[in-house]
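Protein chains in written order, with the numbering used here: chain G, 219 to 561; chain P, 4 to 544.
Hints should not be assumed to be uniformly reliable.
[Said to hold, decoys possible] Below 30 Å or equal to it, Euclidean Cα-Cα: the simulated DSSO-like pairs (lysine-lysine) are:
hint, chain 1, residue 1, chain 2, residue 2
1, P, 125, G, 384
2, P, 310, P, 121
3, P, 5, P, 156
4, G, 384, P, 5
5, G, 431, G, 250
6, G, 431, G, 454
7, P, 65, G, 547
8, G, 384, P, 161
9, P, 227, P, 507
10, P, 471, P, 410
No wet-lab data here; the hints were simulated from the structure. Just so it is clear, the structure is predicted and the values come from calculations on it, not from any experiment.
This is what each chain is made of:
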Amino acid sequence: MSAPFSWIRPEPWGVHIVPADVWIDPGRAVDKALVTHGHADHARGGHGETVATPETLAIMELRYRTGAEDDAGDIPHKAIPVAYGETIRLGGGVDATYIPAGHVLGSAQILLEHAGERVVITGDYKRRADPTCAPFEVTPCDIFITEATFGLPVFTHPPIEEEMGKLLAALSTNPEACVLVGAYALGKAQRVIAELRLAGHHDPIYLHGAMEKMCRLYEEHGVDLGDLRLVSDHTKDDMRGAIIIAPPSALNDRWSRRLPDPITAMASGWMRVRGRARQRGVELPLVISDHADWNELTQTIEEVNPAETWITHGREEALLRWCELGQRKARALALVGREDEDE
Amino acid sequence: MKAFATLLDTLVYTTSRNRKLALIAEYLRNAPDPDRGWALGALTGELDFPAVKSSTIRNLMKGRVDPVLWTLSRDFVGDTAETASLLWPSTDLENNDFLTLTQTVETLSSLTRVNAHKEMPKLLDRLDANGRFALIKLATGGMRIGVSARLAKTAFAKAFDVSLDDVEEYWHAIDPPYAELFQWAAEGGDPPDIEGRPRFRPFMLAHPLEDTRVDLSDYAAEWKWDGIRVQLCRVTDANGEAETRLYSRSGDDISATFPELLDVLPMDAVLDGELLVRGSTQGGEAGSDKQGGAASFNALQQRLGRKTVSKKMLAEAPAFVRLYDALLIESEDLREHGWEKRRGHLENLVERLPDSHFDLSAVVEARDFDHLAEIRETARDEAIEGLMLKRRDAPYIAGRKVGLWYKWKRDPLLIDCVLMYAQRGSGKRSSFYSDYTFGCWAGDPDQGAELLPVGKAYSGFTDAELKKLDRLVRQTTLNRFGPVREVERTLVFEVAFDSVHTSKRHKSGLAMRFPRIHRIRWDKPVHEADRIDALKALVPD
């Protein structure tokens, strides 16, 4: 009998499940990978086999053509879809179950079971309601491997309705201008659009070209985003009084010169800190995040109540300290290549 | 407080100067009295609440939040006020619970060091996160929201369509909340009566000369002395009581720091000059026999910023003023006259002043511009900052008007140093490693000599370079000490500085004056950086 949990090993480029030789969200190409969600720092291309939810596989295919028959390269790509709640055998006596994480469309936590020991890897997650994806489910386990992107007590995300209110107020007080919202192309953009629709805003929303395909993908998966148009098809005057969504990198780019007097907004959890907004020249910061804030991170650890908490990426020092104060066993995993999204 | 907090918050995110002016003007037009006066005082940095310090807030927070979590948060956010405003628990507030700005200012004024830690929580509980940010900024001073005093006054002038020159003229005679100023500008009342009150007149300032060449028949040259620019102002009131005050470049009253200058002016006057302390370097050899010697800036620095000054200090480093200009002499306003005429008045005046406390900044004579350039190059006095060029027919005009005065600074000294430590910046640079400590080799690096820190700089690079430096710091971190990271010795900075002096504060025994990054030498191997000895050789005798 081997030592408890010796079958799961955190390495710098991902978590390794040793008896099955499978990696979770590996930062480099491996023979077999379990992927939690479609963001680039978790879902790299080029694996031999990629196991993920059908939505995540569709997102990866859009981005990297993983699993596409015409994909170049020698490695045989194989995409293995797993539905939420479905358990698959990985070999070596390890089972994996995909559970909604509430982060973006298709995002999952992965429950790993081996010889009666249970480990949950959250990937990225949040606890707030999101009209574009299935909600996070609390799953009891022995080891809880959590993200910590917003792992500082200064990060408390306000209710999204407040932020939508700020955005719509800026729009109505500047009818001749437009509001340009910087939002991550996968997840954040679609969530902002869907929340605007919920807030009763049914005007056309204009998209930067880089947003179009992902929005269509969401719609194909049943997320209604309303009347979307492309900036490139329209004149300045068409877009007066409208909301424009673009990737953050386009905010201060020449591209935005085609817009009518844009007010620069940015939807990101980092907007909680004034200095961050100022660094990017953001005039209207919208504190909207697809990650758990400090209260959600700590509340989730309390609810899951694991024997041990491992913290993967972000501001792990503060969350470690919080665990220490509550006499919870915890350790930080130094994974490489995890980036702060929206940065 | 709500409107003021919203104003501050919006200003933080506004980059356009015109938009800032419009926002402040709109607030000043709409806010009630005396709220708007206090707000103007806050924006111009004129409010001071000595009972509340940044440490008061820190201690308050460390009693409520785990100290480790507080420090991690503060380091990330880069601003104590903002961190505290985010971490303080919000309570549900009824509208009339919310503090007004005037209530806030009145309470802050009444606080003492002893009760501040008890009273501040009560104020914080009656505000939301934005309100708490405004409160702490207000209480601890230093808004740092990208609004200068000048910009706030410009907005005031714009709000009520009055002349900015008039506002500047009245400004220093009236205290917050500026009732007389609002009465005049906003309500159409009489102009404030400021006769018989000592007050600061804004300085005339210079542009850098850069590539301009001037004709010396149009411009006179003077040395630019290395002290602090001051205005000495004596006024006699209706009862015949005379009062003298000393103002710094920004208009701060620094009279208490230099008491020896307050009873030496025998007539009413407003004089512009350089404050120096006695010594043997500055001016000993540079000018007329009217000038005595002065010490380097280093010596003067010991006396700056003190609220009281000891007898010993007065005896060891007595201050005097080297005069540049006269704005008023015996109630005659000279500002309309050209420089030559004012200079004539000043030269006559100096004859009547005690040489113990005054001398005249000599005019530098040169045949032509090239000759002047030669004189500038060969000026041996290490404490002369360079030359001033003043248009002979220019009146004394507040601010920086193109073509009237130029400063022609000496070229900076340069040395190659190695990056050793980096610290996170604050404000706009929060969470970027933007403050760099660098060192020179204590001996031959190939023989195992160590680096000793010689200075610290946080300017002289572009935003793009900052990003690159920040990435380098994160990738080459050796050790972390709170907000400071020690990095691998991989990068050479060419550092520019004005001068270097001996100092006991640093292990290297040296301190640089105004060091800034001149160039980043991505290409240069660290063992080719300069040695301490090279820097030592630049210390003036």
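Restraint check for residue 384 of chain G with residue 5 of chain P, where alpha carbons must lie at most 30 Å apart | Status holds; Cα separation ~16 Å.
Hey, residue 471 of chain P versus residue 410 of chain P, does the alpha-carbon distance stay inside 30 Å?
-> Roughly 33 Å separates the two Cα atoms, so the pair is violated.
Does residue 547 of chain G lie within 30 Å of residue 65 of chain P when you go C-alpha to C-alpha?
-> This hinted pair holds, its Cα atoms lying about 24 Å apart.
Straight-line Cα separation of residue 5 of chain P and residue 156 of chain P no greater than 30 Å?
-> Holds, at roughly 22 Å.
Is the straight-line distance between the alpha-carbon of residue 431 of chain G and that of residue 250 of chain G 30 Å or less?
-> holds, 27 Å
Does the alpha-carbon distance linking residue 384 of chain G and residue 161 of chain P stay inside the 30 Å limit?
-> Holds, at about 28 Å.
Would you mind confirming whether the straight-line C-alpha gap from residue 310 of chain P to residue 121 of chain P stays at or under 30 Å?
-> The given pair, whose Cα atoms are some 27 Å apart, holds under the 30 Å limit.
Has the given pair, residue 227 of chain P with residue 507 of chain P, been kept, meaning a C-alpha gap of at most 30 Å?
-> holds, 28 Å
Going straight from one Cα to the other, do residue 431 of chain G and residue 454 of chain G come out at no more than 30 Å?
-> Distance of about 23 Å is within 30 Å: holds.
Given the hint that residue 125 of chain P pairs with residue 384 of chain G, does the C-alpha gap stay at or below 30 Å?
-> holds, 29 Å
Of the numbered hints stated above, the single one contradicted by the structure is hint 10.
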